[in-house]
Every structure is written in structure tokens, then in C-alpha cells.
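Number of protein chains: 2
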Amino acid sequence: MKVKTKAAPGYAAVKEEILRRIRAKAWAPGDLLPGEIELAGEFGVARGTMNRALRELTEQGYLERKRKGGTRVRPSPLRAARFEIPLVRAEIEATGAVYGYELLSRRIEAGGAALRALLGLDNDEQLLRLACLHLADGKPYQLEERWISISALPQAGRADFSASGPNEWLVQTVPYSDVEICFEANGASALVARHLGVAPGTPLFTTLRTTWLKGKALTHVRLSHHVHYRMVARY
Amino acid sequence: MKVKTKAAPGYAAVKEEILRRIRAKAWAPGDLLPGEIELAGEFGVARGTMNRALRELTEQGYLERKRKGGTRVRPSPLRAARFEIPLVRAEIEATGAVYGYELLSRRIEAGGAALRALLGLDNDEQLLRLACLHLADGKPYQLEERWISISALPQAGRADFSASGPNEWLVQTVPYSDVEICFEANGASALVARHLGVAPGTPLFTTLRTTWLKGKALTHVRLSHHVHYRMVARY
DNA sequence: CAGTGGTCTAGACCACGTT
DNA sequence: ACGTGGTCTAGACCACTGG
Numbered sequence: 025m026k027v028k029t030k031a032a033p034g035y036a037a038v039k040e041e042i043l044r045r046i047r048a049k050a051w052a053p054g055d056l057l058p059g060e061i062e063l064a065g066e067f068g069v070a071r072g073t074m075n076r077a078l079r080e081l082t083e084q085g086y087l088e089r090k091r092k093g094g095t096r097v098r099p100s101p102l103r104a105a106r107f108e109i110p111l112v113r114a115e116i117e118a119t120g121a122v123y124g125y126e127l128l129s130r131r132i133e134a135g136g137a138a139l140r141a142l143l144g145l146d147n148d149e150q151l152l153r154l155a156c157l158h159l160a161d162g163k164p165y166q167l168e169e170r171w172i173s174i175s176a177l178p179q180a181g182r183a184d185f186s187a188s189g190p191n192e193w194l195v196q197t198v199p200y201s202d203v204e205i206c207f208e209a210n211g212a213s214a215l216v217a218r219h220l221g222v223a224p225g226t227p228l229f230t231t232l233r234t235t236w237l238k239g240k241a242l243t244h245v246r247l248s249h250h251v252h253y254r255m256v257a258r259y
Numbered sequence: 025m026k027v028k029t030k031a032a033p034g035y036a037a038v039k040e041e042i043l044r045r046i047r048a049k050a051w052a053p054g055d056l057l058p059g060e061i062e063l064a065g066e067f068g069v070a071r072g073t074m075n076r077a078l079r080e081l082t083e084q085g086y087l088e089r090k091r092k093g094g095t096r097v098r099p100s101p102l103r104a105a106r107f108e109i110p111l112v113r114a115e116i117e118a119t120g121a122v123y124g125y126e127l128l129s130r131r132i133e134a135g136g137a138a139l140r141a142l143l144g145l146d147n148d149e150q151l152l153r154l155a156c157l158h159l160a161d162g163k164p165y166q167l168e169e170r171w172i173s174i175s176a177l178p179q180a181g182r183a184d185f186s187a188s189g190p191n192e193w194l195v196q197t198v199p200y201s202d203v204e205i206c207f208e209a210n211g212a213s214a215l216v217a218r219h220l221g222v223a224p225g226t227p228l229f230t231t232l233r234t235t236w237l238k239g240k241a242l243t244h245v246r247l248s249h250h251v252h253y254r255m256v257a258r259y
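So the protein lines, in turn, are chains A and B.
Take the first sequence: its position 86, counting from 1, is numbered 110 in this note's numbering, and each next residue is one higher.
Take the second sequence: its position 124, counting from 1, is numbered 148 in this note's numbering, and each next residue is one higher.
A couple of the hints might just be wrong.
As the list claims (entries may be wrong) - Derived lysine to any residue pairs resembling SDA-like cross-links, with alpha carbons at most 20 Å apart: (1) Lys-240/A / Tyr-259/B; (2) Lys-238/B / Gln-150/A; (3) Lys-49/A / Glu-192/B; (4) Lys-240/B / Arg-140/B; (5) Lys-49/B / Ala-114/A; (6) Lys-240/A / Gln-150/A; (7) Lys-39/B / Arg-103/B; (8) Lys-49/B / Trp-236/A; (9) Lys-238/A / Arg-140/B; (10) Lys-240/B / Arg-103/B; (11) Lys-92/A / Ile-61/A; (12) Lys-240/A / Lys-240/B; (13) Lys-238/A / Ala-36/B.
Since the hints were made in silico from the structure, they are not lab data.
Can you build the whole structure from these sequences, using the hints too?
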């Protein structure tokens, strides 16, 4: 007699058993699995339940499915990790530290050619450039260099960024936009080095993010993280 | 009479319309949505279909759901990005370049205290340490420093890593294991600098990955990427 | 304790892609 | 042409949790 330890939902229990068989190589990479109806019969569940289990395992990269072709174990597993991108404030407060914010500079400028191309700006369109410092318990945590397209977001020209950062303002104003995010390693520039309190050239983890709404570029930001910043995920 | 342009699956069409209402602020952040049954009625679909639409929007970070509490628009959207982690070989060949591999060193060692703790090694357990270079069109692309627990993977001691990398061997041998991955920025060590052809201290994007199978740590790897390496995602 | 989401079922039709 | 997965439906029971 079997004792269920946790009474997992049926589709989850099915997923675990299938994954167990894959790891045990009962179904090896490349192998063709039985059809949904047959599997449903074997596991004693409805086809809908089996379909959900197989669909989720496919999304997680363990299986490949094709109509008429059937379901196969992925030859080499597709490894993918999911990273949550929190607001700096939430990230800092999650560690128990007190969040601090400081507006370093604010001005209107044209920006470089690469940046103008990235944001798709016309000849006479200007940018609002902001530099801000985010602090944890009073210590520099992240330097934010941001460019906002004034033509796409005219309200930004009238917004006050002295008390809270443009990030939070943007989340309030244009939530649910499209984003491209990019991570790289860079040596600290003079500006970054001065405000983060490190030597120029110090390797820093950097985030670049561009935001669009309905195909129109709104803003681009460069986030220089404190030394020893790391991004972690499990999968 | 309505003309469907693309005939999207019902649940997907429902998702799009709900997302449209959220972006149009017909349902603002924090707002409570009608219940599943009512929404299903309004959209003219079965409850199961509406449930799938709402469930997926929740997974994507747009909604929050609680039993009895109902469904709400997330106050500030939870931004998450999914990154695919390819094998180096695939990554290089995807750019059209020719993949090259070189085993730099191979030896048995004890490893540092931090590493031993990370891998959960007992007193007399040894590590196999490998250093390898991955090349694109003959140019250094990525330096791999790997430690393999011999007690967890005794076959590794007999494997030949001179022709292809430990990564590919591991994917064949122990696919579908549990992984913790971590990204950071580091200055190039002497070893890394020499083989990647950069000056020591050059900022490099670094990946650290630890792999477990059934709770037992198998291997830890440090990947130093070439200069200008970036990781990109959209969401 | 009552209402909401979470899940399951049995049956059905359809689209795609291999044969 | 035909088999497989993709999706939808109508109805049901259950678990969690807020009022």
C-alpha cells in the first residue's frame, strides 16, 4: 500500500513520475514516448491531465512535441533559467537594509549617435538625461544612468525625480511595456567609480535595459552594480 | 460580423484582450477582476479556457490570484526574463564560426575549503580539476575551469577530455540534473588573462555553475567569457 | 462558512505534418 | 489519408482563506 507524503495535484505527480523515468533513462534522450491517450490510460488520469503534464515538461525543456510526430525526450536538455528583475528599492529592502536615493544630475541633451539610433530618434528630438544613485544603509549600491525620449514621454520633462527614481516613476506611468535587457561586465567609468567609491576600471556587473511601448522606444538605462554583485538562479 | 485575422487559439485571444485592458488601465494595478465564471460568460468561453488564460497571465507576472481573494492586477508588474543556457559549442556554431577545443590541464587535487564545502566533500575525497579553452574560428572564446567530485562521478576519472570538453561529456552522462547558476563580473586572473589573450584584471563576464543529482554535488565550473560577451533577453 | 480558484473528467472537433 | 497533439466544453469536487 502506498502512502502519499504530500498528495500532489495529479498533473504534478504525473510530471514527477515522467521526469523520474527520464532521469533513470527508462526513456532515454531521443526516445519516443507513448501517445497521450495511452499514457493517460497507464497513469489512470484523463487525457487533459496528461496533456498538461506533457505540455509543462515541454515548456521546461525536457520534451519535444510535434503533431503526428509524437512526444520525444529532448536529445540534450534545453537549459533555461528564469531571472526575476526586481526594482532596486525592493531588492535592497529584501536584504533588510534601508533604501536611499539621490538624484545626481538632470539635463537635456542630444546623446550619442548609437544611443539615438537605438531609441529611433529623429533629428531634432532631445533626450532627458538623469544620473541617480541608489543606496543601501547609506552605502552606494547602484548607479543609474538613464536617457528618456522626451517626444515619446513628454510627461517626463515635468516629473520630479529628486525624491524617487525614474524607475519607479516609469513603472507607475508605463507599466507592462516591452523590454530588452542585457548583462555585461565593464570597467567602472570615472563617473561610476566616483559615486560607487571604487577605483576606475574596477570590474562591475552592468545591466542595460531598453523599453518600448507599441514599438516606440521610451527609455534606455545603464545600471552599474556594486562590486561583488551577482545574479543567481536555479533550474 | 467579425472577421478573425489570425484565428488565435481561444485562450490566447482571451489573454490578449485581458492584457489589452490592463495596458489601457481599464483594469488598473491593484484592481480586482471579476471571477472566472463571470469572465468566462462575458468572453463566451468555458471556465477551463478562462482558467488557462488567467493562470498563464499569472505565471507571466501580470496577475495575482488567491483562493477566495480573487484575481487582481499586480500592483507593480513582476518582471522576469528567461535565459537559455546553450553549450559553448552550440553557441559558437550558431554564429557561423568553427568551434575549437583544447584541454589545458588535468590533475587530481584537494581544492580550497570553500569549494570543498560547496561540493559537500568528506575529508579524503579528491577532485578532478580540468582547465579547457573553447575557441571560435581559432580565437579564444571561453576559458573553462572545472572541478569534478570523483566520489560522485568515478567514471570521470577514466574519461578522456582531450578531444571534447567535460561539458559535453556531462550532458551525455548525467543529463537532467539540478543546477545553480550565477553570473558576475570579475577581473581576469593570470591564467585566464594568458589564455584569453587579455591583460590581467580585464573585466570579464563570468558564469559559475554547480550541478547536483539527487542532492549530491557532482561538479562546479567557472566560465570566463571573452571580452565584450553579453547576455541578452527580451520580455 | 461561503466563495474563489485549483484541478479533474469524459467526450469532442480540429490542425498539422508525416507517410 | 490518417494519427498525433492542441484545444475546447460542461460539469463536478475539493482546498484554501477571507470576512
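Here is what the structure says about each hint:
The hinted pair formed by Lys-240/A and Tyr-259/B meets the criterion: a straight-line CA distance of about 15 Å does not exceed 20 Å. Using a Cα cut-off of 20 Å, the hinted pair Lys-238/B and Gln-150/A is violated, with the two alpha carbons roughly 56 Å apart. Distance restraint check for Lys-49/A and Glu-192/B: the Cα-Cα separation of roughly 18 Å lies within the 20 Å cut-off, and the hinted pair is therefore satisfied. A hinted pair counts as satisfied when its Cα atoms are at most 20 Å apart, and Lys-240/B with Arg-140/B qualifies at roughly 13 Å.
Restraint check for Lys-49/B and Ala-114/A: not satisfied, since their Cα atoms lie roughly 24 Å apart, outside the 20 Å limit. With a C-alpha separation of about 15 Å, the suggested pairing of Lys-240/A with Gln-150/A holds against the 20 Å cut-off. Using a Cα cut-off of 20 Å, the hinted pair Lys-39/B and Arg-103/B holds, with the two alpha carbons roughly 17 Å apart. At roughly 17 Å between alpha-carbon atoms, Lys-49/B and Trp-236/A fall within 20 Å of each other, so this suggested pair holds.
Between Lys-238/A and Arg-140/B the CA atoms are separated by roughly 51 Å; this puts the pair beyond 20 Å, and the hint is violated. For the suggested pair Lys-240/B and Arg-103/B, the alpha carbons sit about 32 Å apart, so the restraint of at most 20 Å is broken. With a C-alpha separation of about 13 Å, the suggested pairing of Lys-92/A with Ile-61/A holds against the 20 Å cut-off. Taken as a hint, the Lys-240/A and Lys-240/B pair is broken in the structure, with Cα atoms around 49 Å apart against an allowance of 20 Å.
Distance restraint check for Lys-238/A and Ala-36/B: the Cα-Cα separation of roughly 19 Å lies within the 20 Å cut-off, and the hinted pair is therefore satisfied.
In summary, the numbered hints that this structure violates are 2, 5, 9, 10 and 12.
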